[in-house]
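A.B. asks: Input sequences plus hints: build the corresponding full structure.
In order, the protein sequence lines correspond to chains A and B.
According to the numbering used here, the stretch in the first sequence is residues 176 to 330, in order.
According to the numbering used here, the stretch in the second sequence is residues 2 to 176, in order.
Just so you know, the hints here were simulated from the structure itself, not pulled from any lab data.
For glycine and all other residues, C-beta sits at the position ideal for the given N, C-alpha and C.
Among the clues, some could well be false.
Claimed, not checked - Simulated DEER-style distance windows between Cβ atoms: (1) 289/A <-> 14/B: 54 to 64 Å; (2) 250/A <-> 89/B: 40 to 50 Å; (3) 45/B <-> 179/A: 34 to 44 Å; (4) 204/A <-> 14/B: 48 to 58 Å; (5) 58/B <-> 250/A: 26 to 36 Å; (6) 176/A <-> 124/B: 49 to 59 Å; (7) 148/B <-> 276/A: 15 to 25 Å; (8) 203/A <-> 89/B: 18 to 28 Å; (9) 58/B <-> 291/A: 52 to 62 Å; (10) 89/B <-> 289/A: 48 to 58 Å.
Said to hold, decoys possible - Pairs of lysine-lysine residues, derived as BS3-like cross-links and limited to a Cα-Cα distance of at most 27 Å, are as follows: (11) 37/B <-> 245/A; (12) 245/A <-> 102/B; (13) 37/B <-> 62/B.
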Amino acid sequence: MARLLALLLLLAPVIPAHAKDARPAAADPVLEKRVMALAAELRCLVCQNQTIADSNADLATDLRNQVREKMRQGASDSEIIDFMVARYGDFVLYRPPLKATTLLLWFGPLLLLAGGAWVLVRLVRRRRPAEDVDISAAQRSRAAELLAGSEAERR
Amino acid sequence: MNRFLLPLGIFVALVGLLGVGLTLNPREVPSPLIGKPAPHFELPQLHESAKTFTEKDMLGKVWVLNVWASWCVSCREEHPVLLDLARSGEVPLYGLNYKDKRQDGLAWLKTMGDPYRLSIFDIEGRVGIDYGVYGVPETYLIDRRGVIRYKRIGPLTPDIVKNKLLPLAQELARG
Numbered sequence: 176m177a178r179l180l181a182l183l184l185l186l187a188p189v190i191p192a193h194a195k196d197a198r199p200a201a202a203d204p205v206l207e208k209r210v211m212a213l214a215a216e217l218r219c220l221v222c223q224n225q226t227i228a229d230s231n232a233d234l235a236t237d238l239r240n241q242v243r244e245k246m247r248q249g250a251s252d253s254e255i256i257d258f259m260v261a262r263y264g265d266f267v268l269y270r271p272p273l274k275a276t277t278l279l280l281w282f283g284p285l286l287l288l289a290g291g292a293w294v295l296v297r298l299v300r301r302r303r304p305a306e307d308v309d310i311s312a313a314q315r316s317r318a319a320e321l322l323a324g325s326e327a328e329r330r
Numbered sequence: 002m003n004r005f006l007l008p009l010g011i012f013v014a015l016v017g018l019l020g021v022g023l024t025l026n027p028r029e030v031p032s033p034l035i036g037k038p039a040p041h042f043e044l045p046q047l048h049e050s051a052k053t054f055t056e057k058d059m060l061g062k063v064w065v066l067n068v069w070a071s072w073c074v075s076c077r078e079e080h081p082v083l084l085d086l087a088r089s090g091e092v093p094l095y096g097l098n099y100k101d102k103r104q105d106g107l108a109w110l111k112t113m114g115d116p117y118r119l120s121i122f123d124i125e126g127r128v129g130i131d132y133g134v135y136g137v138p139e140t141y142l143i144d145r146r147g148v149i150r151y152k153r154i155g156p157l158t159p160d161i162v163k164n165k166l167l168p169l170a171q172e173l174a175r176g
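C.D. replies: Here's what the structure looks like:
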């Protein structure tokens, strides 16, 4: 009996609990799909590392509503993107555009990788000549003597 | 000796870049509206809801638009600075009450003091979006032709008012 009660108590909070989701408007599923698709390309400026599709911030909700309203008015995706960029700048695009100013952002890592590889190759090439030195038999026995001597010292 | 110059040079350059980076705020999103005309709005006033206010009312004058809300904690921080600015009479101050409840906004101004000539009431935040507002408080300096010339993201400080806002406002008033 006590166990049943405990189980019921544990389950009780689940019933009224609603996760406060980024809830889309119920109206038009086709429109909603389009809204969320575009929202996934726009950055939430409050969180900055989430899209307005994912974010629960107030601004994200407002911007989604703005997107939805514009789509209802017949705006195209690119018109809505221009609208957002005009107000917030390029940073509102979740994927940075490829422009003269963002070339370093896009290709920097690649350049660094290429640079690092070049340095590595040069380093390896320089180290390789571990050539054998030609010495005479007398020098070889002298060397053996010296090596034996130093070993004796160490013991 | 020469072998060490290249890595040392790269190191120094990197330290320089990182040092500059430390002084920057990565969360700040620079506004694309600087140098562009202030977006048009016509909104009801906070105190007298029957009256409206538009940016066109301010043509011919240099003015400051401050975005605030009663729920905004940082706005409390900058409020004394705004009161001082209003008292100085150097440049007219107008408020944009952003996504607030009218009663809360009015009560806040009553308690904290009202530095604004008037405040407009942007309940949905649409005008805020037009102005690229993403965090409250934000402040705009607008010139006589209605062009935005400066935007401050975050609370105003006495230093910014003295060294950035007022000098620019005075320059715009002259020219």
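A.B. asks: Hints first: check each against the structure and report whether it holds.
C.D. replies: A quick look at each hint next to the structure:
Between residue 289/A and residue 14/B the beta carbons are some 18 Å apart, a value that contradicts the proposed interval 54 to 64 Å. Separated by about 44 Å at the C-beta atoms, residue 250/A and residue 89/B satisfy the suggested range of 40 to 50 Å. Taking the beta carbon of each, residue 45/B and residue 179/A are about 58 Å apart, not inside 34 to 44 Å as hinted. Look at residue 204/A against residue 14/B: about 54 Å separates their beta carbons, and that is inside 48 to 58 Å.
Checked against the given bound of 26 to 36 Å, the beta carbons of residue 58/B and residue 250/A, roughly 29 Å apart, stay inside it. Taking the beta carbon of each, residue 176/A and residue 124/B are about 54 Å apart, inside 49 to 59 Å as hinted. At roughly 23 Å, the beta carbons of residue 148/B and residue 276/A sit within the given window of 15 to 25 Å. Take residue 203/A and residue 89/B: their Cβ atoms lie about 53 Å apart, and the range 18 to 28 Å is violated.
In this structure the supplied range 52 to 62 Å holds for residue 58/B paired with residue 291/A, their Cβ-Cβ distance being about 60 Å. Residue 89/B and residue 289/A have their C-beta atoms about 57 Å apart, which keeps the hinted 48 to 58 Å range intact. Among the hinted pairs, residue 37/B with residue 245/A is consistent with the structure: their alpha-carbon atoms are about 23 Å apart, no more than 27 Å. Of the pairs offered as hints, the one joining residue 245/A and residue 102/B holds, with about 26 Å between alpha carbons and a cut-off of 27 Å not exceeded.
For a cut-off of 27 Å, the pair hint linking residue 37/B to residue 62/B stands: about 16 Å separates their Cα positions.
When each numbered hint is compared with the structure, violations occur for hints 1, 3, 8.
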